[in-house]
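In the order they appear, the protein sequences are chains A and B. Okay, so the first sequence: first residue is 1292 according to the working numbering, each after it adds one. Okay, so the second sequence: first residue is 1292 according to the working numbering, each after it adds one.
Worth double-checking, as some hints may not be accurate.
Intra- or inter-copy, both count: the list cannot distinguish identical chains.
[Unchecked claim] Taking lysine to aspartate or glutamate pairs in the EDC-like style, the calculated list, with each CA pair at most 20 Å apart, reads:
(1) Lys1565 / Asp1339
(2) Lys1473 / Glu1338
(3) Lys1556 / Asp1382
(4) Lys1336 / Glu1607
(5) Lys1313 / Glu1608
(6) Lys1379 / Asp1339
Honestly, the hints are just simulated from the structure, not real lab data. These numbers come from a predicted model, not from an experiment.
There are 2 protein chains.
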Amino acid sequence: MRILIIGGGGFIGQRLARELLKNPPAASRAVTHLQLADISFPAGKVEDQRIEYLSGDFSDSRFLEKVFQDAPDIVFHLAAIVSGEAEKNLDLGMKVNFDASLQLLELCRKKNIRPRIVFSSSCAVFGGDVTKVITDDTAPKPRSSYGTQKAMVELLINDYSRRKFIDGRTLRLPTIAIRPGKPNAATSSFISGIIREPLNGQPASYPVPATSRFWIQSPGRVIRNIIHAALLDESQLGDDRIINLPGLTVSVGEMIASLEKVAGKSVSDLIAYKPDEFLQRIVLTWPPDFDTARANKLGFVRDESVEEIIRAYIQEEGVNIS
Amino acid sequence: MRILIIGGGGFIGQRLARELLKNPPAASRAVTHLQLADISFPAGKVEDQRIEYLSGDFSDSRFLEKVFQDAPDIVFHLAAIVSGEAEKNLDLGMKVNFDASLQLLELCRKKNIRPRIVFSSSCAVFGGDVTKVITDDTAPKPRSSYGTQKAMVELLINDYSRRKFIDGRTLRLPTIAIRPGKPNAATSSFISGIIREPLNGQPASYPVPATSRFWIQSPGRVIRNIIHAALLDESQLGDDRIINLPGLTVSVGEMIASLEKVAGKSVSDLIAYKPDEFLQRIVLTWPPDFDTARANKLGFVRDESVEEIIRAYIQEEGVNIS
């Protein structure tokens, strides 16, 4: 089985690669070839003889054609310009988040190869009235260009699946917490930052009131859900390929309290409130309450608690708490 | 005030032009200049010294730039490849329904002119479970490439309005009935055909069971609603510019019965059932039941009955019924 990860140099891409090699998604078919395509790859990237690293710009059609020379059976499409950057640079966001995704679908259509495609969309497609519970039938009303671009690709994935050019599965990811490494340009970056930085002995801040609630999922669960999406039989999905993943609703205050419980007050005291109007204007339009009936029925999983998420992060990243 | 109608050669475009000249949308500002852009214009097109006809392809960027040389105050964007054709020719549908619409928005952004744009979308953005009532919060789940393309442009109109590049208003039009003239390539064409052709002494057929229900609106009401959309103050709309227009839910059988009541059995006897699988696969995924609370509150209007629609058509088109 040939697998391609677009955005394979990112944190989720690398972790997905590691997991796919360790536990092949289809028991009956070994992963013979794993291509990771991205602009750049991290130091200490996953090494394995089955892995081929392809450096290039996903929004460059020649690069994409090259990557597709050996038709993949499964494509994990994780590449994106994150929300903060897409809001500040509309052209770049459209080019990578929308145009390149369309190009990918068109390539499948023109080459007539119909791969299974797992597309990572985002709960940032929702916005506006944050008091309502989001269901599987709720209209995406993004309040960011990132969410707009993701919502448009979702529609294309559905249409190209309906027309049998691809076999798509769209996952709307909750905010991923806790991301290891450095802060990024995602408007949600602080949600990881307020746990990660203090555990590292560094100060951190949050730009929204502590009562603000968010819909989160741990990296471990996200990986499990992404692989689960690739394993679902098409007949379980029908024409609608969009799935709201089951997350956990937590307030910033609850996250800080959980951190204090796990790592002590000296750690949680490193966190301060620093209001930021640009970030508030986007992240406070994300509804935090979901009813993910469809995902639950299809076997997708959620985290149990913030404490569990923090403990998993400490273990996975080998954080030393005294 | 300068007004541009893209798709000004079509039936709705022509009728809108006539109405705008007769009853200018803003009482305080006369229509000084009315540009009608389209691929072609009908014989007997509206003539007036304020009208400028511009023949060209809306999806050709040079044509669009030319049209935009004199910045319009209001743009009515009615141009589209209709549903049946967009389903059969994906490239053409994408080019006109999506790419050209994006180009229009980009032109506004780059020229920094921020016109008011009324975009005619369609209730064909909905699809799938036809037993549910569609509300203002229901997710578009199109089951056609036409609906997909329209839904993507809706998202762009919202985003470009939010970013203040345009002042957009998206109307999801019910199926327009009764269209005068000839059948077209819309998958809904028969809904007008079963009334229009028999009134003309011609046979007509419908491709779906007579119990199939549709969401319709007369041309007269559509024109009133399109102009009403252009008059709404931005503050009444906020960030969500999408409006489901209030239609009328009717079955094919009810339409035939109303025709018989208005024009007699000899006329309605000209209608026959001719199943068509291609058409059924698309039109039977359109939900016929809507709760249009938002549109009602904003002052948009619906028709009272099919009988009223048929009588208005007979009067407007000067049909002779013996």
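Structure-based check of all given hints:
1. When the C-alpha separation of Lys1565 and Asp1339 is checked against a cutoff of 20 Å, the pair qualifies neither within a copy, at 43 Å, nor between copies, at 61 Å.
2. With identical chains, the CA atoms of Lys1473 and Glu1338 are never at most 20 Å apart, being 22 Å at best within one copy and 65 Å at best between copies.
3. In this assembly of identical chains, Lys1556 and Asp1382 lie within 20 Å of each other by CA distance neither inside one copy nor across copies; the values are 44 Å within and 60 Å between.
4. When the C-alpha separation of Lys1336 and Glu1607 is checked against a cutoff of 20 Å, the pair qualifies only within one copy, where the shortest distance is 16 Å, while the shortest distance between copies is 72 Å.
5. Taking the shortest Cα distances, Lys1313 and Glu1608 sit within 20 Å of each other inside one copy (19 Å), while across copies they are farther apart (72 Å).
6. For the homomeric pair Lys1379 and Asp1339, neither the shortest alpha-carbon distance inside one copy (37 Å) nor that between copies (45 Å) is at most 20 Å.
Violated hints for the displayed structure, listed by number in ascending order: 1, 2, 3 and 6.
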